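If you read the protein sequences in the order shown, they are chains P and W. In terms of this note's numbering, the first sequence is residues 19 to 560. In terms of this note's numbering, the second sequence is residues 291 to 490.
Quick caveat, the hints were computed from the structure, so don't treat them as lab data. Careful, some of the hints might be misleading.
To be verified - Chain P is nowhere near these chain W residues, computed Cβ spacing over 10 angstroms in every case: (1) Arg295; (2) Ser326; (3) Arg333; (4) Ser335; (5) Leu343; (6) Trp359; (7) Lys360; (8) Glu374; (9) Ala385; (10) Cys450; (11) Gly459; (12) Asp478.
As the list claims (entries may be wrong) - Examples of chain P residues lying across from chain W (beta carbon under 8 angstroms, computed): (13) Glu164; (14) Ala168; (15) Met171; (16) Pro173; (17) Gly325; (18) Glu327; (19) Glu329; (20) Pro404; (21) Pro407.
As the list claims (entries may be wrong) - Covered stretches of chain W, as calculated for chain P (at least 3 residues, CB under 8 angstroms): (22) 346–356; (23) 461–470.
Every value quoted in this text rests on a predicted model; they were computed, and no experiment measured them. In this text, a Cβ means the ideal position worked out from N, Cα and C, and glycines have one as well.
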Amino acid sequence: MQESWDQITDVVVIGSGSAGLSAALSARSHGAEVLILERSGKLGGTSAVSGGLPWIPNNHHMQELGAEDSREEALTYLRRLSLGKMDEALCETYVDTAPDVIRFLEAETELEFVALTIPDYHPEFEGGKTGRSLTARVFPAGELGELRPALRMSPHFPFPVSLADVNDGKTNLLDPQMIADRMAKDLVGTGHALMAGMIAAAQDKGIGMQMGMRVRELVMEDGVVVGVVVETADGRQRIGARRGVVIASGGFEWNDELVRDFIFGPEIAPLSPPFNEGDGLKMAMGAGAELGNMSEAWFHASIRIPGEEYEGRQLNRLTSAERHSPGSIIVNAHGQRFVNEALSYHDVCLAMREHDPQTFEFPNAKAWIVIHHAFLDKYTFMTRMPGDPVPDWLTRAPTLRELADSIGVDADGLEATVARFNAHAKAGTDPDFHRGESAYDRYYGDPDRDGALRTLGPLDQPPFYACELRIGALGTRGGPRVTGNAQVRSTTGGVIAGLYAAGNAMASFTGMSYPGAGGTIGPALTFGYLAGRHAATGANRF
Amino acid sequence: MPEIRITRSAAVDPATAWAFISEMDNWAPLLTGYESHVKTDKRHSRWTVKGELAGLTRIAEIDVAVTEWKASERIAFTLTGVNEPFAGGGEFTVAGIGAPVPASDDAPVRTDSVVKRIALAAMRWLLRLLTRRGGEHASDGPATPLARAGPAGRRTTLACRLEVSASGGSGPIMNLLLPAILDAVAQDTAGRIVAALEAR
Ligand SMILES: Cc1cc2nc3c(=O)[nH]c(=O)nc-3n(C[C@H](O)[C@H](O)[C@H](O)COP(=O)(O)OP(=O)(O)OC[C@H]3O[C@@H](n4cnc5c(N)ncnc54)[C@H](O)[C@@H]3O)c2cc1C
């Protein structure tokens, strides 16, 4: 068989995101020779453009915040959110392994993690906590050397700041001097920091990283995965994997056909780089993998700025201050609110995806954020900062009625909604949707205000503005089901020998839930680690 | 105000260079990120350009007004962002030279002294991120001759000065990014203009 390979290694990892790098570092530290194959011209995947936070229950940094956690509390919380769809065994594996994975990364890379004061997305539920979301401190990307230009950069987080800075409270994140000093040192933050740290360690440890390598097929012999076929600019290559292949190629959010077939509901707007087209899913299906959680995604209520493109595709942007700050509401075409706007971005989308069987419509799928002028004086709205001219992608009108008419929303409905919202918001209450009641709702609100007023405030200063809100997806979360070692399960029972999956390429084990900031990267790092370890410790197949 | 200056020599005579530069339709499509431009009158035009930084592209509309026109020598202009808070200006100059000169003798970025260090640092950092160019122009090292050496008397020096300053809440940070963006655009565009001129 050996003669037919263009390259041979022990473990092939498909994809260079957090799942892929974790798998690679783990396989390497367990003695395997590793090759990462990345389809795009950059390393880091969605993980690099992301906030870079992993959600790690019971992590050893929580104590620094004075927070405590336990295995049982974490499992209770996850169970509460998963609505009966939780894979108990995998959840236990996750909760038990994730803290060790952070220790592993701290030992194997130069990354330093810090626990954040961001509450879980439902801290009010039993087992909900603060301190499970971690972040890496800013990282000197210059350590990547010749790979520095290959680090994928984020259109969402262009500046070298870390949420650890927010925690410390000592850094003015908008101070040009601070930003310039950090740029001069080539420090990077957020997902860049996480991925730069992991890529730098991979480089140091001699892990191969090849870009422009789109894996298209698994090579199987007698039911065992022994290699991959790769599409490159110079033709196809066959790469042998003596001990295993890890699918870490992200979700399928950019594959319209797969999305239409598997994700129920209205159209989704992906926020990831446009390379996650479900190649890993298709290859796993071809190999006879059992699939799970196929209809779910990590949703994110998002906004488009016309004309903005990332990698040649319309960019969909994250929302936070736009929904959490006082003086902002979300309405549907009836001009009605339908959700607590300050819930997590994922949960807001669950409300946007609601189906009305009477009208047979998704009444909240087309929604708008409505704000008043005072909002723009104080808060950031997308890329527009206070003091900037009002961009023309914000629809503007002197009255709510005229605003409703210009965006095609029921004007009576909008006026009535705002009148009712204002009456309660002034008093810091929201009897309709309970906005401001949870610590999470208030976290991203206005720190100069107290209690529920951090997020609640009337819309009473014209002109008014509106912007369309979309059901975005950070990534899909269905794929091959795996064991506690991240081995891909077979439809015929048992596992597909030599095949592993991790990150958004594998079936998420918590159904529709998004437990807290970092809820996707935490599992990606953990199951990547497990995949790499198991693959590395197996015997060579050839 | 972040400013960049760029000088190139082209193996054509000054009259040819002026004829080319003074008619914006000739070189507009050579501008990095150019999408379209509309002339409102003899002195005013609106430009639509697509700026790119680290994979993100964004459309900007810019109003350009010609403020000075000295035939065969100099055109000065102002720039105003239509949908983004920035303003600035600059000039093109055309001069004949008697002997071959290095084609690229870029003057270093000049900025307000207070932000000079910041801007230079930001520029080096950002240029490495500019995906298309990979930062090869970020060095302060010796200039590389790009143009063919032409016969003495048939060479022209083309110079461009561009200054742009962002305002509003995001202005101070945008001003850190601008030198790198301006430099990248100017270098690319100048290279294309020289090539187009010499191909005539
Ligand atoms: C703006 C933003 C902010 C976010 N913030 C957070 C956060 O703070 N915390 C959190 O938990 N989650 C966050 N997310 C979500 C998170 O980034 C993703 O869920 C996570 O990074 C997925 O990791 P992954 O390794 O599975 O996939 P990815 O990071 O997407 O990596 C997959 C890689 O595989 C490559 N690939 C695809 N197909 C092939 C192929 N055929 N061959 C070879 N390579 C291939 C892709 O190019 C890509 O590089 C955020 C997402 C976005 C967009």
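Outcome of the hint check:
no.	hint	in the structure
1	Arg295	holds (21 angstroms)
2	Ser326	holds (13 angstroms)
3	Arg333	holds (24 angstroms)
4	Ser335	holds (19 angstroms)
5	Leu343	violated (8 angstroms)
6	Trp359	holds (30 angstroms)
7	Lys360	holds (33 angstroms)
8	Glu374	violated (8 angstroms)
9	Ala385	holds (36 angstroms)
10	Cys450	holds (26 angstroms)
11	Gly459	violated (3 angstroms)
12	Asp478	holds (17 angstroms)
13	Glu164	violated (11 angstroms)
14	Ala168	violated (10 angstroms)
15	Met171	holds (4 angstroms)
16	Pro173	holds (4 angstroms)
17	Gly325	holds (3 angstroms)
18	Glu327	holds (5 angstroms)
19	Glu329	holds (5 angstroms)
20	Pro404	holds (5 angstroms)
21	Pro407	holds (5 angstroms)
22	346–356	holds (count 4)
23	461–470	holds (count 5)
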